[in-house]
Amino acid sequence: MREQHSVLEAFRRRSPVHPRELVGLWKGRGIPAGHPFDGVLENFGWFGKRFTPDMRADALLFWSGDRRLVAIDPARIPLGLALRFHNVGRTRAARNLFSYLQRRLRAKGPVASLTTMVFGGVESAAMVYDDQPIVDHFRRIDNRSIMGAMTIKGDGRIYFFELEQVDEP
1 MREQHSVLEA
11 FRRRSPVHPR
21 ELVGLWKGRG
31 IPAGHPFDGV
41 LENFGWFGKR
51 FTPDMRADAL
61 LFWSGDRRLV
71 AIDPARIPLG
81 LALRFHNVGR
91 TRAARNLFSY
101 LQRRLRAKGP
111 VASLTTMVFG
121 GVESAAMVYD
131 DQPIVDHFRR
141 IDNRSIMGAM
151 TIKGDGRIYF
161 FELEQVDEP
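Residue numbering for the sequence shown follows UniProt numbering, beginning at 1 and increasing consecutively.
By construction, these hints were calculated from the structure, which means they are not laboratory data.
Some hints could be false.
[Said to hold, decoys possible] Once the Cα atoms are required to be at most 20 Å apart in a straight line, the calculated EDC-like pairs of lysine to aspartate or glutamate come out as:
id	residue 1	residue 2
1	LYS108	ASP142
2	LYS27	GLU123
3	LYS153	ASP131
4	LYS153	ASP54
5	LYS27	ASP38
6	LYS27	ASP155
7	LYS27	ASP66
[Unchecked claim] Taking CB as the label site, the calculated pair distances span:
id	residue 1	residue 2	range
8	PRO36	GLU162	15 to 21 Å
9	GLY120	PRO32	29 to 35 Å
10	THR91	PRO16	35 to 41 Å
11	ARG20	ASP167	15 to 21 Å
12	THR115	ALA93	34 to 40 Å
13	ALA75	PRO169	39 to 45 Å
14	VAL122	ASP66	39 to 45 Å
15	ARG12	ASP66	38 to 44 Å
16	PRO169	GLU3	30 to 36 Å
Treat the numbers as computed from the prediction; the structure is a model and nothing was measured.
From the three backbone atoms N, C-alpha and C, an ideal C-beta is built for every residue, glycine too.
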């Protein structure tokens, strides 16, 4: 829990960001902090997120086998099982299975909405998932980087990540 606390304090020191500033493509990387998902998304080929001008989002973008970006629908992922069996998510077998299942997990469109929410006493941009009890809260690192804190309703642990804005391929 100490890792969670120190990273949360670093997050709280960051400046708020407005949802409109997030429009575009963002490359992500996890920040290890003792969360069950640490290293799991990277093992599956996580690229990042895409935010659209209409305040919608592709919450989970992954590299496809042919080096294309594929948006995955988080509603198709059993969150409880993913949290419970997180160690399996770091294995080669899980990576291969995820790669095989990508076609069935694809989103039919954006799967989350951008808004502002208060988190840690500060109002800033947040991404609310449509069909999962997940909210990603965002704070500014610099002009092209933001820090994220993913919260899951009913789970006190926070998954931390960084996003860096990149050009569309």
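Verification of the hints:
1. LYS108 x ASP142: Outside the cut-off at roughly 32 Å; violated.
2. LYS27 x GLU123: This hinted pair is violated, its Cα atoms lying about 24 Å apart.
3. LYS153 x ASP131: Cα-Cα ~12 Å, so holds.
4. LYS153 x ASP54: Not OK: LYS153 and ASP54 at ~25 Å, beyond 20 Å, violated.
5. LYS27 x ASP38: holds (16 Å)
6. LYS27 x ASP155: With a Cα-Cα distance of about 26 Å, the restraint between LYS27 and ASP155 is violated, given a limit of 20 Å.
7. LYS27 x ASP66: Satisfied, since the Cα-Cα distance of roughly 18 Å is no more than 20 Å.
8. PRO36 x GLU162: 15 to 21 Å: holds (19 Å)
9. GLY120 x PRO32: 29 to 35 Å: violated (20 Å)
10. THR91 x PRO16: 35 to 41 Å: holds (38 Å)
11. ARG20 x ASP167: 15 to 21 Å: holds (18 Å)
12. THR115 x ALA93: 34 to 40 Å: holds (38 Å)
13. ALA75 x PRO169: 39 to 45 Å: Taking Cβ atoms as reference, ALA75 and PRO169 lie about 26 Å apart, which means the hint is violated.
14. VAL122 x ASP66: 39 to 45 Å: Distance hint for VAL122, ASP66 holds at roughly 41 Å.
15. ARG12 x ASP66: 38 to 44 Å: holds (41 Å)
16. PRO169 x GLU3: 30 to 36 Å: holds (34 Å)
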